[in-house]
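J.: The listed protein sequences correspond, in order, to chains P and Z. Take the first sequence: its position 17, counted from the start at 1, is 17 in this note's numbering, and no numbers get skipped. Take the second sequence: its position 304, counted from the start at 1, is 304 in this note's numbering, and no numbers get skipped.
Honestly, the hints are just simulated from the structure, not real lab data. Just so we're clear, the structure is a prediction, and the values are computed from it rather than from any experiment. Using N, Cα and C, we set each Cβ at its ideal position, and we do this for glycine too. Hints should not be assumed to be uniformly reliable.
As the list claims (entries may be wrong) - One-sided and incomplete, this derived list gives chain P residues near chain Z with beta-carbon spacing under 8 angstroms:
1) GLY34
2) ALA35
3) PHE36
4) ARG38
5) THR53
6) GLY57
7) SER149
8) LYS161
9) PHE165
10) VAL182
11) ALA185
What the hints assert, rightly or not - Some chain P residues judged to face chain Z by a derived CB distance under 7 angstroms, without partners named:
12) PHE27
13) ASN29
14) LYS55
15) GLU58
16) THR135
17) GLY148
18) PRO163
To be verified - Derived PhoX-like pairs (lysine-lysine); straight-line CA-CA distance at most 20 angstroms:
19) Z:LYS327 <-> P:LYS9
20) Z:LYS181 <-> P:LYS16
21) Z:LYS112 <-> Z:LYS132
22) Z:LYS327 <-> Z:LYS314
23) Z:LYS327 <-> P:LYS184
24) P:LYS161 <-> Z:LYS6
25) Z:LYS120 <-> Z:LYS26
26) Z:LYS26 <-> Z:LYS37
27) Z:LYS150 <-> Z:LYS209
28) Z:LYS112 <-> Z:LYS124
29) Z:LYS124 <-> Z:LYS16
30) Z:LYS73 <-> Z:LYS112
31) Z:LYS211 <-> Z:LYS141
32) Z:LYS120 <-> P:LYS173
33) Z:LYS162 <-> Z:LYS175
34) P:LYS184 <-> P:LYS161
35) Z:LYS26 <-> P:LYS40
36) Z:LYS112 <-> Z:LYS127
37) Z:LYS211 <-> Z:LYS131
38) Z:LYS315 <-> Z:LYS5
39) P:LYS161 <-> Z:LYS314
40) Z:LYS327 <-> P:LYS161
Here is what each chain is made of, one letter per residue.
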Amino acid sequence: MAMTTDIKKGLAINFKNGTWLVIEAQFVNPGKGGAFTRAKIRNLKSNQVIEYTFKAGESVEEADINRRKCQYMYNDGANFYFMDNDTYEQFSLPADVIGNDSRFLIDGISCYAMHIDGVPTSIELPPKMDFKVVTTTPGIKGDTATGGSKDATIETGANIKVPLFVKEGDMIKINTEDGSYVSKAN
Amino acid sequence: MIYEKKIAIERNKLTKSLRNFFEKEKFLEVETPIMVKIPGMEPHLNVFETDLITPNKKTKLFLNHSPELQMKKLLGANFGNIFTLTKTFRNGEIGGNFHNPEFTMLEWYRIKADYKDLMKDCEKLVKTLAKKSEITYQNHKINIKTPWEKFSCEELFQKYCKISLDKNRTFKQLKKTSEEKNFDTNGCENWDDIFFKIFLNHIEPHLGKEKPTFVYDYPSTQAALAKKSSKNPFFAERFELYIGGIEIANAFSELTDSKEQKSRLIEEQKMRKKLKKTIFDIDGEFLASLESIQQNTAGIALGVDRLFMILMDKKNIEDVLLFPLNKILN
């Protein structure tokens, strides 16, 4: 197994008897101390997310995972079905593994499947995705008391806060990690 | 980018009541510079650098990571109780829920006082800003009625890890004891590394969940500008305030012995060299100012954006900033 001292987003590691994907890594200087990396890691089998703080420069074991491009097809409530882009093989993952990502899945959308020992265990969305706004309140007026933003529904059915200038039919870029508006898509 | 006017209104209200609070307590508000020639020596901090350009030369300047040295110069000039609300900068600290490289810092210094008096200031200040006796932060109810919880570092290590810091004063001892108790010490190269690795993973997440918590008496190695505890000089008179698991403030009974301060700065300068960080000069004016601070003085730095996050019940520091850097970079 390869060792690395560079804990960064997107890296898969073997840690505490499991395989984890680093979904967030941030450099911190606690109080008056040295450099640490505070990571949010997701277990690729159970989808459990934990936070752990590594000493900067400590070696961790890199996990052997394969990231394969796939396409989302449909779901039946309990399971979500995908197709591998190269092999055309279909596979499914349970809804609890998909979790909150389901709000950005519509038929035909491309994402990645993470394979451990050849078995797809979870999916990863691109960090930013473009979606069409299907409904939002018209105009730039908004609510002058709160100001700044209004609700919009995108083509997947998800609700997103958008700036006042966004209109129905606009394509917008969304941060898939926290579901926030990034910018208008061109 | 989304600009929430509601956030600006709430911040504006909180900032006003913060200034009112210090006015009532008879503090003078002072403005400290954002660009400085000599920033504080904290070994691990990374600074932003810039150049002042005049016809014949370039002078290296830094964006201040703390107004501490300037505040102490004013104390030495007999300014009495002072506070500042200023922007501070830390390079590389971005991402996660609690960091923006540019952030608002509140620092105040109380004369004829020690760190325990600052704990009382914190209690009063947060109660004044919250305007109620219980706040809800991310579905956690936090009771802010005083007195708040107080634990020394020693007590916390005993409570959560069954480890005595005082009895494990060397790197070798602490490493052995920690490993016997199955704590991960991977990558730790010195005593402080182990302290932080355990503290961050096993202690910090519990702090300030039901009531705000003061963690006090830190190992002296982690308090270069603080007075050592008279009871046990292995520890120094420093505290941090935690609310909802988040570190909000850091305070000291100030060290005013300029000789000792000088030797600690030299140590830290060496450490910066070792860590290949930008090297700063030792600020002679700062050392001289310490000599003219006549009374016992205590000082504290409080992360204003973090405190506002808690009072406004926001999960991410970016949610209380109109222009978070992460969003600008996007």
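J.: It remains to establish, for every hint, whether it holds in the given structure.
T.: Structure-based check of all given hints:
{"no.": "1", "hint": "GLY34", "in the structure": "holds (5 angstroms)"}
{"no.": "2", "hint": "ALA35", "in the structure": "holds (6 angstroms)"}
{"no.": "3", "hint": "PHE36", "in the structure": "holds (6 angstroms)"}
{"no.": "4", "hint": "ARG38", "in the structure": "holds (6 angstroms)"}
{"no.": "5", "hint": "THR53", "in the structure": "holds (4 angstroms)"}
{"no.": "6", "hint": "GLY57", "in the structure": "holds (6 angstroms)"}
{"no.": "7", "hint": "SER149", "in the structure": "holds (5 angstroms)"}
{"no.": "8", "hint": "LYS161", "in the structure": "holds (6 angstroms)"}
{"no.": "9", "hint": "PHE165", "in the structure": "violated (11 angstroms)"}
{"no.": "10", "hint": "VAL182", "in the structure": "holds (5 angstroms)"}
{"no.": "11", "hint": "ALA185", "in the structure": "violated (13 angstroms)"}
{"no.": "12", "hint": "PHE27", "in the structure": "holds (5 angstroms)"}
{"no.": "13", "hint": "ASN29", "in the structure": "holds (5 angstroms)"}
{"no.": "14", "hint": "LYS55", "in the structure": "holds (3 angstroms)"}
{"no.": "15", "hint": "GLU58", "in the structure": "holds (2 angstroms)"}
{"no.": "16", "hint": "THR135", "in the structure": "violated (18 angstroms)"}
{"no.": "17", "hint": "GLY148", "in the structure": "holds (4 angstroms)"}
{"no.": "18", "hint": "PRO163", "in the structure": "holds (5 angstroms)"}
{"no.": "19", "hint": "Z:LYS327 <-> P:LYS9", "in the structure": "holds (18 angstroms)"}
{"no.": "20", "hint": "Z:LYS181 <-> P:LYS16", "in the structure": "holds (16 angstroms)"}
{"no.": "21", "hint": "Z:LYS112 <-> Z:LYS132", "in the structure": "violated (30 angstroms)"}
{"no.": "22", "hint": "Z:LYS327 <-> Z:LYS314", "in the structure": "holds (16 angstroms)"}
{"no.": "23", "hint": "Z:LYS327 <-> P:LYS184", "in the structure": "holds (14 angstroms)"}
{"no.": "24", "hint": "P:LYS161 <-> Z:LYS6", "in the structure": "holds (14 angstroms)"}
{"no.": "25", "hint": "Z:LYS120 <-> Z:LYS26", "in the structure": "holds (15 angstroms)"}
{"no.": "26", "hint": "Z:LYS26 <-> Z:LYS37", "in the structure": "violated (31 angstroms)"}
{"no.": "27", "hint": "Z:LYS150 <-> Z:LYS209", "in the structure": "holds (13 angstroms)"}
{"no.": "28", "hint": "Z:LYS112 <-> Z:LYS124", "in the structure": "holds (18 angstroms)"}
{"no.": "29", "hint": "Z:LYS124 <-> Z:LYS16", "in the structure": "holds (15 angstroms)"}
{"no.": "30", "hint": "Z:LYS73 <-> Z:LYS112", "in the structure": "holds (17 angstroms)"}
{"no.": "31", "hint": "Z:LYS211 <-> Z:LYS141", "in the structure": "holds (9 angstroms)"}
{"no.": "32", "hint": "Z:LYS120 <-> P:LYS173", "in the structure": "violated (47 angstroms)"}
{"no.": "33", "hint": "Z:LYS162 <-> Z:LYS175", "in the structure": "holds (14 angstroms)"}
{"no.": "34", "hint": "P:LYS184 <-> P:LYS161", "in the structure": "holds (13 angstroms)"}
{"no.": "35", "hint": "Z:LYS26 <-> P:LYS40", "in the structure": "violated (44 angstroms)"}
{"no.": "36", "hint": "Z:LYS112 <-> Z:LYS127", "in the structure": "violated (23 angstroms)"}
{"no.": "37", "hint": "Z:LYS211 <-> Z:LYS131", "in the structure": "holds (16 angstroms)"}
{"no.": "38", "hint": "Z:LYS315 <-> Z:LYS5", "in the structure": "holds (18 angstroms)"}
{"no.": "39", "hint": "P:LYS161 <-> Z:LYS314", "in the structure": "holds (16 angstroms)"}
{"no.": "40", "hint": "Z:LYS327 <-> P:LYS161", "in the structure": "holds (15 angstroms)"}
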